[in-house]
Amino acid sequence: MSKKGVLLANIGTPDQPQSKEVKEYLKKFLGDPRVIDKPRWQWLPILHGIILNTRPKKSAELYKSIWQKDGSPLLIYTQRQAKLLQSRFPDKSIKFGMAYSHPSISHSLAEFENEGITDVTIVPLYPQYSTSTTAAINDAVFKHYLKQENMPSLHLIREFTAHPKYIDLLRKQIQDGINQYHPDLLVFSYHGIPVSYVEKGDPYQEQCQLTTDAVFDDFSIDIPYRVCYQSKFGPDEWLTPALDATLKQLPKQGVKNVLVITPGFVSDCVETIEEIESENYGYFMESGGESFNYIHPFNDNELFIDLLEDLVLNR
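First residue of the sequence shown? That's 103 in our numbering, and the numbers climb one at a time after it.
These aren't lab readings, by the way, just hints derived from the structure by calculation. Some hints could be false.
[As the list claims (entries may be wrong)] No more than 25 Å apart at the CA atoms, straight line, and that leaves these computed lysine to any residue pairs for SDA-like:
hint, residue 1, residue 2
1, Lys334, Phe131
2, Lys140, Tyr231
3, Lys267, Lys249
4, Lys160, Lys185
5, Lys358, Tyr383
6, Lys130, Lys302
7, Lys302, Lys358
8, Lys358, Pro337
9, Lys185, Glu261
10, Lys274, Asp324
11, Lys159, Lys302
12, Lys185, Ile407
13, Lys249, Pro205
14, Lys159, Leu132
[What the hints assert, rightly or not] What follows is a list of derived Cβ distance ranges for each label pair:
hint, residue 1, residue 2, range
15, Gly133, Gln355, 39 to 45 Å
16, Pro141, Ser121, 27 to 33 Å
17, Ala212, Lys122, 21 to 27 Å
Note that CB positions come from ideal geometry on N, CA and C, so glycine has one too.
Hey, can you work out the whole structure from these sequences and the hints?
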């Protein structure tokens with residue numbers, strides 16, 4: 103009988119909120135063609151000549167603002183998710199790995215090999231598939247096995263865009279948030295990607311819309327909602343409408359109380375805590391907003407672990 107393992111996989115986070123560690127992380131992250139889809143001759147001089155000499159210091163300050171006693175929130179919650187899922191599967195080995203930081207995906211897969219695991223399920227912690235996230239994680243998995251003589255049976259979870267447990271949990275968060283804050287508008291904020299990726303076939307935007315549509319299938323709220331995209335990087339055209347620009351305009355349109363949810367994130371990280379609760383909060387309030395509230399990701403919610411359990415059981 104085969105011994106089975108499950109790997110929860112994420113993109114990663116710097117080891118420390120210091121310029122050196124952030125630079126090392128960004129070097130791997132932004133150096134991946136999956137993340138920045140530009141000719142290497144064009145992009146690498148920009149990355150190594152400009153970005154890695156200017157951005158790490160600024161980014162380190164952002165990470166410092168969210169850092170907790172035990173480290174990065176993303177790392178902390180991913181660890182907890184793996185631990186909680188392990189309690190659901192005492193007969194399996196549950197680990198987590200990061201595409202661009204520690205513990206690496208390769209390191210965790212090697213641990214499976216040392217344990218004699220012959221059947222591995224990979225669960226990228228991204229509800230919507232994108233070449234810049236899920237595909238990058240799969241690349242790290244396959245790269246590990248390129249030099250291995252013996253591969254386990256691999257099962258890759260592609261996405262859980264409209265999984266019933268995922269949608270039900272989003273609905274619960276939304277209804278609880280509306281009941282508590284009584285907003286004028288609900289804003290769905292998904293992480294953006296360049297328009298060129300979509301034009302080449304990346305299904306991410308379509309899946310974001312599928313998630314949003316699934317939430318309101320047999321579920322209604324008494325306020326309007328909008329879909330936006332955040333975290334634009336670089337001069338290229340990204341998916342719109344942009345969250346920051348939208349929040350700056352809403353008070354002028356009479357929307358003074360907003361509730362923001364980020365369905366594409368399952369754990370708090372710099373893009374949720376700093377970018378949403380600090381940067382975008384500031385844009386909205388400085389533009390005349392009166393109340394800005396944010397629904398945090400699932401983090402270590404047991405209902406999210408129910409979803410992960412279901413993904414593993416029905417891979």
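Evaluation of the provided hints:
no.	hint	verdict
1	Lys334 x Phe131	holds, 15 Å
2	Lys140 x Tyr231	holds, 20 Å
3	Lys267 x Lys249	violated, 37 Å
4	Lys160 x Lys185	violated, 33 Å
5	Lys358 x Tyr383	holds, 12 Å
6	Lys130 x Lys302	holds, 23 Å
7	Lys302 x Lys358	violated, 38 Å
8	Lys358 x Pro337	violated, 30 Å
9	Lys185 x Glu261	holds, 21 Å
10	Lys274 x Asp324	holds, 15 Å
11	Lys159 x Lys302	violated, 33 Å
12	Lys185 x Ile407	holds, 10 Å
13	Lys249 x Pro205	holds, 19 Å
14	Lys159 x Leu132	holds, 16 Å
15	Gly133 x Gln355: 39 to 45 Å	holds, 41 Å
16	Pro141 x Ser121: 27 to 33 Å	holds, 28 Å
17	Ala212 x Lys122: 21 to 27 Å	holds, 26 Å
Of the hints listed earlier, those the structure fails to meet are numbers 3, 4, 7, 8 and 11, in rising order.
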